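Asker: Construct the complete structure from the given sequences, taking the supplied hints into account.
Each protein sequence line maps, in turn, to chains A and B. Just so we're aligned, residue 1 is where the first sequence starts under my numbering, counting upward by one. Just so we're aligned, residue 1 is where the second sequence starts under my numbering, counting upward by one.
The set of hints was computed from the structure by calculation and includes no laboratory data. Being a predicted model, the structure only gives us computed values, none of them experimental. C-beta atoms are modelled at their ideal positions from N, C-alpha and C, and glycine is treated no differently. Check before you lean on any hint, since a few could be wrong.
With a Cα cut of at most 20 Å, we get these calculated EDC-like pairs of lysine to aspartate or glutamate [unchecked claim]:
| id | chain 1 | residue 1 | chain 2 | residue 2 |
| --- | --- | --- | --- | --- |
| 1 | A | Lys-31 | A | Asp-105 |
| 2 | B | Lys-40 | A | Glu-243 |
| 3 | A | Lys-40 | B | Glu-148 |
| 4 | B | Lys-31 | B | Glu-148 |
| 5 | B | Lys-40 | A | Glu-155 |
| 6 | B | Lys-40 | B | Glu-101 |
| 7 | A | Lys-31 | A | Asp-340 |
| 8 | B | Lys-160 | B | Glu-197 |
| 9 | B | Lys-374 | B | Glu-148 |
| 10 | A | Lys-40 | B | Glu-155 |
| 11 | A | Lys-160 | A | Asp-105 |
| 12 | A | Lys-160 | A | Glu-243 |
Short, incomplete list of chain A residues facing chain B, as computed with Cβ under 7 Å [unchecked claim]:
| id | residue |
| --- | --- |
| 13 | Arg-68 |
| 14 | Arg-188 |
| 15 | Asp-190 |
These stretches of chain B come out as covered by chain A in the derived footprint (C-beta under 8 Å, 3 or more residues) [as the list claims (entries may be wrong)]:
| id | stretch |
| --- | --- |
| 16 | 54-66 |
| 17 | 188-197 |
| 18 | 314-322 |
What follows is the residue order along each chain.
Number of protein chains: 2
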Amino acid sequence: MASTNETPPAHVVIIGGGFAGVAVARGLANKNVRVTIVDKHNFHTFLPLLYQVATAGLEPADVAYPIRTIFGHATNIRFRHAQVREVDHARSVVILEGGAEMSFDHLVVATGATAAFFGIPGASRYAMPLYSLADARRLRNRLLLSLEAADVAAEHANVKLTFVVVGGGPTGVETAGALSELVRIAIRRDGLRIRPEDVRVLLVDLAPRLLTAFPENASRYALRELSSMGVEINFGRSVVEVEEGHIRFDDGERLATAAVIWAAGVTASGTLAHDLQVSPGPGGRARVTADLRLVDSTNVWAVGDAAAVPLNDTQFCPQLAPVAIQSGRHCAAQILRVLDGQPTQNFHYRNKGIMATIGRQAAVAKLPRGGVIKGTLGWLAWLGLHLFYLVGFRNRLRVMINWTWRYFDWPSGPRLIVADAETAD
Amino acid sequence: MASTNETPPAHVVIIGGGFAGVAVARGLANKNVRVTIVDKHNFHTFLPLLYQVATAGLEPADVAYPIRTIFGHATNIRFRHAQVREVDHARSVVILEGGAEMSFDHLVVATGATAAFFGIPGASRYAMPLYSLADARRLRNRLLLSLEAADVAAEHANVKLTFVVVGGGPTGVETAGALSELVRIAIRRDGLRIRPEDVRVLLVDLAPRLLTAFPENASRYALRELSSMGVEINFGRSVVEVEEGHIRFDDGERLATAAVIWAAGVTASGTLAHDLQVSPGPGGRARVTADLRLVDSTNVWAVGDAAAVPLNDTQFCPQLAPVAIQSGRHCAAQILRVLDGQPTQNFHYRNKGIMATIGRQAAVAKLPRGGVIKGTLGWLAWLGLHLFYLVGFRNRLRVMINWTWRYFDWPSGPRLIVADAETAD
Numbered sequence: 001m002a003s004t005n006e007t008p009p010a011h012v013v014i015i016g017g018g019f020a021g022v023a024v025a026r027g028l029a030n031k032n033v034r035v036t037i038v039d040k041h042n043f044h045t046f047l048p049l050l051y052q053v054a055t056a057g058l059e060p061a062d063v064a065y066p067i068r069t070i071f072g073h074a075t076n077i078r079f080r081h082a083q084v085r086e087v088d089h090a091r092s093v094v095i096l097e098g099g100a101e102m103s104f105d106h107l108v109v110a111t112g113a114t115a116a117f118f119g120i121p122g123a124s125r126y127a128m129p130l131y132s133l134a135d136a137r138r139l140r141n142r143l144l145l146s147l148e149a150a151d152v153a154a155e156h157a158n159v160k161l162t163f164v165v166v167g168g169g170p171t172g173v174e175t176a177g178a179l180s181e182l183v184r185i186a187i188r189r190d191g192l193r194i195r196p197e198d199v200r201v202l203l204v205d206l207a208p209r210l211l212t213a214f215p216e217n218a219s220r221y222a223l224r225e226l227s228s229m230g231v232e233i234n235f236g237r238s239v240v241e242v243e244e245g246h247i248r249f250d251d252g253e254r255l256a257t258a259a260v261i262w263a264a265g266v267t268a269s270g271t272l273a274h275d276l277q278v279s280p281g282p283g284g285r286a287r288v289t290a291d292l293r294l295v296d297s298t299n300v301w302a303v304g305d306a307a308a309v310p311l312n313d314t315q316f317c318p319q320l321a322p323v324a325i326q327s328g329r330h331c332a333a334q335i336l337r338v339l340d341g342q343p344t345q346n347f348h349y350r351n352k353g354i355m356a357t358i359g360r361q362a363a364v365a366k367l368p369r370g371g372v373i374k375g376t377l378g379w380l381a382w383l384g385l386h387l388f389y390l391v392g393f394r395n396r397l398r399v400m401i402n403w404t405w406r407y408f409d410w411p412s413g414p415r416l417i418v419a420d421a422e423t424a425d
Numbered sequence: 001m002a003s004t005n006e007t008p009p010a011h012v013v014i015i016g017g018g019f020a021g022v023a024v025a026r027g028l029a030n031k032n033v034r035v036t037i038v039d040k041h042n043f044h045t046f047l048p049l050l051y052q053v054a055t056a057g058l059e060p061a062d063v064a065y066p067i068r069t070i071f072g073h074a075t076n077i078r079f080r081h082a083q084v085r086e087v088d089h090a091r092s093v094v095i096l097e098g099g100a101e102m103s104f105d106h107l108v109v110a111t112g113a114t115a116a117f118f119g120i121p122g123a124s125r126y127a128m129p130l131y132s133l134a135d136a137r138r139l140r141n142r143l144l145l146s147l148e149a150a151d152v153a154a155e156h157a158n159v160k161l162t163f164v165v166v167g168g169g170p171t172g173v174e175t176a177g178a179l180s181e182l183v184r185i186a187i188r189r190d191g192l193r194i195r196p197e198d199v200r201v202l203l204v205d206l207a208p209r210l211l212t213a214f215p216e217n218a219s220r221y222a223l224r225e226l227s228s229m230g231v232e233i234n235f236g237r238s239v240v241e242v243e244e245g246h247i248r249f250d251d252g253e254r255l256a257t258a259a260v261i262w263a264a265g266v267t268a269s270g271t272l273a274h275d276l277q278v279s280p281g282p283g284g285r286a287r288v289t290a291d292l293r294l295v296d297s298t299n300v301w302a303v304g305d306a307a308a309v310p311l312n313d314t315q316f317c318p319q320l321a322p323v324a325i326q327s328g329r330h331c332a333a334q335i336l337r338v339l340d341g342q343p344t345q346n347f348h349y350r351n352k353g354i355m356a357t358i359g360r361q362a363a364v365a366k367l368p369r370g371g372v373i374k375g376t377l378g379w380l381a382w383l384g385l386h387l388f389y390l391v392g393f394r395n396r397l398r399v400m401i402n403w404t405w406r407y408f409d410w411p412s413g414p415r416l417i418v419a420d421a422e423t424a425d
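Answerer: Shown next as structure tokens:
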């Protein structure tokens with residue numbers, strides 16, 4: 001072999017190991033680039049199933065997978081367990097907490113989003129979002145501890161327990177349905193001394209219907225199913241304050257709550273502005289051009305929930321897993337084109353439909369052309385799709401076992417309260 | 001049916017939902033007594049497999065099971081999720097944290113044991129014991145975080161990583177073996193940039209051999225197996241101080257450590273004296289008569305690790321799961337005899353042997369008559385026995401799947417770092 005004057009391969013840094021970040025890395029695996037994925041967690045989280053961890057249907061390990069393990073076969077991909085402190089765009093350098101620096105040729109912002117509290121007083125402090133594995137564990141502990149405390153209090157007096165879910169999108173609907181099932185199972189199987197009718201699961205939304213991204217017949221179906229599971233639903237109602245143990249609505253009602261679950265929406269603005277020195281654009285997301293580069297940048301890209309991915313001339317893509325995966329894949333291809341001296345291509349979202357599940361055997365799916373699948377068929381489709389996208393064969397197997405269990409209502413399940421901060425004994 | 005002047009059934013309070021407490025409750029299930037199990041955790045933990053949770057071979061939910069679910073079928077058994085503050089023996093009342101009181105006709109102390117630090121400076125603060133699910137999670141996070149940090153540091157310099165296991169009993173041997181496997185898998189499969197020879201797993205013990213409860217040929221076998229897995233073993237060496245990131249030995253050596261794992265022994269004294277107003281006796285355990293009642297008490301019993309269960313006139317039983325289970329069963333039978341007006345019987349321990357595993361395919365078992373089983377056969381016996389005693393069919397299934405995975409070394413596994421105290425995003 002002739003000794004040539006080769007330049008070392010370009011370095012691509014990806015911030016975030018969610019759907020989008022992993023899709024970018026997959027697109028760059030075993031190509032002539034060096035890739036570093038930076039994430040403060042050493043695992044990828046399958047967010048669509050977090051609500052099942054929160055409601056004790058699945059274990060944390062069922063929906064998470066070590067990032068290193070995903071790319072064990074790709075020698076050009078490294079993982080770096082770190083928190084990004086800042087990006088120095090002028091020098092093309094990522095600065096990590098602790099001060100270490102990583103220079104990049106291309107940078108991909110795939111930092112996702114977090115719960116949006118819309119400035120509602122007390123919401124960020126007392127309401128419980130569901131956007132990370134830690135969120136899910138915390139919420140589960142809260143739910144189970146509330147039930148244990150109610151069981152004790154029920155010895156002496158009648159106890160009422162109210163869980164409020166704020167938001168009637170897929171996360172809110174799925175969580176309310178699963179929570180209602182958890183309560184029913186816990187009372188019947190675990191012999192808790194609370195009457196089922198004394199536990200209230202209340203879903204509130206400002207909108208006049210559930211699942212506004214779906215057609216109206218899907219909303220009606222979800223409403224009917226949730227109601228039959230004992231979930232109360234209030235439309236056109238907004239939250240004005242969340243306190244410890246209470247919630248206050250715009251109509252003046254103040255309600256004692258065991259937990260307020262926050263499923264009202266997401267924003268990307270905090271992370272972007274603070275850590276990445278990117279000023280938030282539409283919906284708190286990073287402004288990108290049609291090829292997914294940050295406006296005014298040639299080598300910084302944004303994908304997934306963190307980016308305002310264009311859908312057409314006037315609209316942006318919704319913050320959904322398929323958008324994250326497709327934009328990640330597109331970004332990887334474009335980076336390779338740029339490195340190869342070719343012009344970039346514009347991103348086009350291929351709508352594959354959306355779905356939400358309401359409980360065992362009830363789900364609703366909206367097809368790309370607007371059709372709706374409901375009921376058991378929708379549920380089976382939901383189940384298959386989620387198993388398919390779950391990373392790792394073992395996770396799929398474990399989730400399948402857990403679901404089978406829950407489906408047949410066998411009297412076990414991971415209803416463990418493992419405290420966040422526990423003393424040594 | 002004639003209306004009779006029946007007295008309400010006697011109330012038995014069991015403090016602790018471990019092997020011993022669960023065995024007592026099982027013995028009282030569906031009998032004419034009311035039973036309340038009090039535990040600060042809502043789950044039963046299968047302690048013999050904690051080291052596998054710590055070394056990322058199993059998930060917390062694989063070795064834990066909700067106490068309520070164990071007794072879902074027994075209507076006379078209640079669970080109370082609470083911490084005991086104090087026992088008022090004169091009034092026969094248990095006082096819980098928060099002030100609630102529970103009166104009892106019989107009380108069973110099944111509070112188990114915790115790590116014994118023998119007053120060694122810094123040990124209780126900086127060494128990591130392995131006696132609860134929280135301990136196991138904390139240790140796992142520490143191990144995985146150390147490897148991640150070493151991977152980063154290895155970019156710039158040669159990194160040495162030392163894990164010290166203090167204690168050469170079954171827990172120490174099992175943890176050292178599994179830790180050594182974890183390191184090897186993490187380096188090979190996850191592409192960590194540390195050289196295997198730079199990670200040191202050091203087991204120290206004051207004794208001249210491993211597994212002193214076993215015959216000498218078992219000790220030699222364990223030593224050979226651990227050594228072949230790369231574990232260094234130092235005998236006749238004691239720890240004089242544990243500091244943050246360091247350990248100091250009696251020979252003056254001070255070693256930088258990534259983690260010090262404390263498997264040096266257990267004591268029951270703290271819980272007994274503080275919470276239960278029982279003065280600790282032999283080995284920190286509660287003094288009991290031959291029928292397992294506290295000395296000087298007619299209605300307070302002690303079982304399992306918390307009790308100095310007599311083996312014969314001069315010796316006490318070891319603190320092992322079989323002793324806990326057998327003493328719990330015996331205690332339940334005696335309570336029923338007392339309530340029935342019959343005299344109590346003395347407890348006799350039936351030795352069923354002991355076992356320890358050293359890694360995949362290597363284990364050692366000591367049979368009741370002194371024989372030893374080693375190697376694959378021992379490992380299969382160990383495996384079968386542990387699956388058999390694990391509570392809940394689903395747990396057994398999940399553990400079997402996890403072990404099969406690990407056995408074939410498939411590149412996945414729950415190597416997740418889920419922090420104890422994590423911020424909301």
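Asker: Between the alpha carbons of Lys-40 (chain A) and Glu-148 (chain B), is the straight-line distance 20 Å or under?
Answerer: Holds, at roughly 11 Å.
Asker: Holds or violated: Lys-160 (chain A) with Asp-105 (chain A), Cα cutoff 20 Å?
Answerer: violated, 58 Å
Asker: Holds or violated: are the alpha carbons of Lys-160 (chain B) and Glu-197 (chain B) at most 20 Å from each other?
Answerer: holds, 9 Å
Asker: Would you check the hint for Lys-40 (chain B) and Glu-243 (chain A), treating anything up to 20 Å between C-alpha atoms as holding?
Answerer: Measuring from Cα to Cα gives roughly 27 Å; hence the hint is violated.
Asker: Please work out if Lys-40 (chain B) and Glu-101 (chain B) have their alpha carbons no farther apart than 20 Å.
Answerer: holds, 15 Å
Asker: Count the residues of the stretch 314-322 of chain B with a beta-carbon closer than 8 Å to any beta-carbon of chain A: does the count reach three?
Answerer: violated (count 0)
Asker: Given Arg-68 (chain A) was flagged as interface, is its beta-carbon under 7 Å from a beta-carbon of chain B?
Answerer: holds, 4 Å
Asker: Mind checking the alpha carbons of Lys-40 (chain A) and Glu-155 (chain B) for me, to see if they're no more than 20 Å apart?
Answerer: holds, 18 Å
Asker: Run the distance test for Lys-40 (chain B) versus Glu-155 (chain A): straight-line Cα separation, threshold 20 Å.
Answerer: holds, 19 Å
Asker: Given the hint that Lys-31 (chain B) pairs with Glu-148 (chain B), test it: the Cα-Cα distance must not exceed 20 Å.
Answerer: Roughly 54 Å between the alpha carbons, so the hint for Lys-31 (chain B) and Glu-148 (chain B) is violated.
Asker: Count residues of the stretch 188-197 of chain B with a Cβ under 8 Å from any Cβ of chain A, then say if the count reaches three.
Answerer: holds (count 4)
Asker: Count the residues of the stretch 54-66 of chain B whose Cβ falls closer than 8 Å to any Cβ of chain A, and tell me whether that reaches three.
Answerer: Three-residue rule met by the stretch 54-66 of chain B, so holds; n is 6.
Consistency with the previously given hints fails for numbers 2, 4, 9, 11, 14 and 18, ordered from lowest to highest.
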